[in-house]
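Trainee: The listed protein sequences derive, respectively, from chains A, B and C. So the first sequence is residues 2 to 160, counted in the working numbering. So the second sequence is residues -18 to 102, counted in the working numbering. So the third sequence is residues 955 to 1056, counted in the working numbering.
These aren't lab readings, by the way, just hints derived from the structure by calculation. Hints may contain errors.
Label-pair ranges, simulated between beta-carbon atoms [to be verified]:
| no. | chain 1 | residue 1 | chain 2 | residue 2 | range |
| --- | --- | --- | --- | --- | --- |
| 1 | C | M1013 | A | I57 | 37 to 43 Å |
| 2 | C | F979 | A | D142 | 31 to 37 Å |
| 3 | C | F979 | A | Y4 | 48 to 54 Å |
| 4 | C | K1009 | A | K88 | 31 to 37 Å |
| 5 | B | V57 | C | K1034 | 22 to 28 Å |
| 6 | A | G147 | B | L(-15) | 35 to 41 Å |
| 7 | C | A1031 | A | I126 | 16 to 22 Å |
| 8 | A | W68 | C | I1030 | 27 to 33 Å |
| 9 | C | A1031 | A | W71 | 30 to 36 Å |
| 10 | C | K1034 | B | M(-18) | 41 to 47 Å |
Quantities reported herein were computed from a predicted structural model and do not represent experimental measurements. Even glycine gets a Cβ: it sits at the ideal position worked out from N, Cα and C.
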Amino acid sequence: MRYIVTFIILFLNWVIWSGMFDAFHLSLGIISCAIVTYTTHDILFTREKFSYKQIIEVWRFIKYIPWLLWQIILSNIHVAGLVLNPKMPIEPHMIRVKTRLKKDISIVTYANSIILTPGTITADITDGEFLVHCISKKVADDLLTGDMENRVAHIFMED
Amino acid sequence: MKILAIIFIISGVFFFFTATLGLLRFPDFYSRMQATGKGDTLGAFLSLTGLALYNLADGFSLSAALVSIKIMLIAVVIFIANPTATHAITRAGIDCGVEPWTKEEFGVQSSEFGAKKEESR
Amino acid sequence: MESFFLGISLSLCFLVLLSLYRGIFGPTVLDRIISVSVIGTKTTVILLLIGFIYKRADMFVDISLAYALLNFIVTIAAAKFFHTRKSIIPGAKYYKERGIDK
Chain A
2 MRYIVTFIIL
12 FLNWVIWSGM
22 FDAFHLSLGI
32 ISCAIVTYTT
42 HDILFTREKF
52 SYKQIIEVWR
62 FIKYIPWLLW
72 QIILSNIHVA
82 GLVLNPKMPI
92 EPHMIRVKTR
102 LKKDISIVTY
112 ANSIILTPGT
122 ITADITDGEF
132 LVHCISKKVA
142 DDLLTGDMEN
152 RVAHIFMED
Chain B
-18 MKILAIIFII
-8 SGVFFFFTAT
2 LGLLRFPDFY
12 SRMQATGKGD
22 TLGAFLSLTG
32 LALYNLADGF
42 SLSAALVSIK
52 IMLIAVVIFI
62 ANPTATHAIT
72 RAGIDCGVEP
82 WTKEEFGVQS
92 SEFGAKKEES
102 R
Chain C
955 MESFFLGISL
965 SLCFLVLLSL
975 YRGIFGPTVL
985 DRIISVSVIG
995 TKTTVILLLI
1005 GFIYKRADMF
1015 VDISLAYALL
1025 NFIVTIAAAK
1035 FFHTRKSIIP
1045 GAKYYKERGI
1055 DK
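Chain A on its own, in the form it takes in the complex (with noise of 0.2 Å):
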């Protein structure tokens, strides 16, 4: 099964970029994409079986982005403004964040999350804590509330 949808994603990157529709290019394509797909089809998808409950995720990841990406906006605006008053009032300073996630793909994106959101880095990363860079005590206490890693952990089944 997972062949079959790493193929199909590989293909429609083949026709996205070759933009060409004749018989020679698309063939040419399969042939790529099948090599492909036979050597590297455990990177993709780690599990054999797909069930209901991935496409439920999936879905739940695209409600997540257009709330991701007004978080971004703000945090420029935040940072934008930190920058062009003269008098800088920055506090920069390292917290530890305890987290209860346990699979890699619900800490990626957590960690992505954070980077993108108001004022604070990923530093790095050991298991169960993250240290993160505040830039100010405000976006601090905003991330200690833990209201994305609820959404994160809704997102991939952690509740």
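Given chain A's structure and the hints, the job is docking chains B and C onto it.
Mentor: The following block gives chains B and C in isolation, referenced to the frame of chain A:
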């Protein structure tokens, strides 16, 4: 459509500008990452979206739609790649023991950072 | 519309010059890596703008994607290379030669 594209591109250039200004003004390298890691991502995303909209403004055709999809794929690549690169550079700094610049009232957190470094070695 | 794109590209080139300051005089190696990564992101946009000025966007979009991917790989490789190297901090060699634990 063209006016929307112009608004997107100009706001993207504004965020690029704040990212560069932050790169020049902030006191230490962690704070510089704060400015560039976010400002560059959003600036590139907004200006690429504006260019994709402008490309579709002259009339819809298959080749124009393909070019727009490609531009949006570049935006997605930047969106995934830029935070990862930010995290990699910051982690290199932490493992080398570059001290973060702090104000005096946050001295407690700074000493905690030192303890973290000791136990990781 | 070409003059608008030309103006945007020129202002982006000016921003590249500003970030080149951090690349030359940056106190640590990591500042230089950040500067290179920022310049790469701006160059991706500038290449697309050049494509729109010459009305060959279908060709320049491929070059732009290749540049974005290369920029990512270069940043990751440089960060991995300087991972746990003492030479990042200026003056570290000085302390090491004199036996001061810093």
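Trainee: Should the hint that W68/A and I1030/C are 27 to 33 Å apart at their CB atoms be regarded as holding?
Mentor: At 28 Å between Cβs, range holds.
Trainee: Falls inside 22 to 28 Å, the C-beta gap from V57/B to K1034/C?
Mentor: For K1034/C against V57/B, whose Cβ atoms are near 24 Å apart, the range 22 to 28 Å holds.
Trainee: Does the Cβ distance between G147/A and L(-15)/B fall inside 35 to 41 Å?
Mentor: holds (37 Å)
Trainee: Do the Cβ positions of M1013/C and I57/A conform to the proposed distance bound of 37 to 43 Å?
Mentor: Taking Cβ atoms as reference, M1013/C and I57/A lie about 41 Å apart, which means the hint holds.
Trainee: The hint says 31 to 37 Å between K1009/C and K88/A; measuring C-beta to C-beta, is that right?
Mentor: Cβ of K1009/C to Cβ of K88/A: about 47 Å, so the range 31 to 37 Å is violated.
Trainee: Between the beta carbons of A1031/C and I126/A, is the distance compatible with 16 to 22 Å?
Mentor: holds (21 Å)
Trainee: Has the hinted range 30 to 36 Å been met by the Cβ atoms of A1031/C and W71/A?
Mentor: holds (34 Å)
Trainee: Just to be sure I understand the hint, the distance between the Cβ atoms of F979/C and D142/A should be within 31 to 37 Å; is that true here?
Mentor: holds (36 Å)
Trainee: Would you say the C-beta atoms of K1034/C and M(-18)/B sit inside 41 to 47 Å of each other?
Mentor: Between K1034/C and M(-18)/B, where Cβ atoms are some 43 Å apart, the hint holds.
Trainee: Hint says 48 to 54 Å; check whether the CB-CB distance for F979/C and Y4/A agrees.
Mentor: For F979/C and Y4/A the Cβ distance comes to about 53 Å; the hint holds.
Checked against the numbered hints given earlier, this structure breaks only hint 4.
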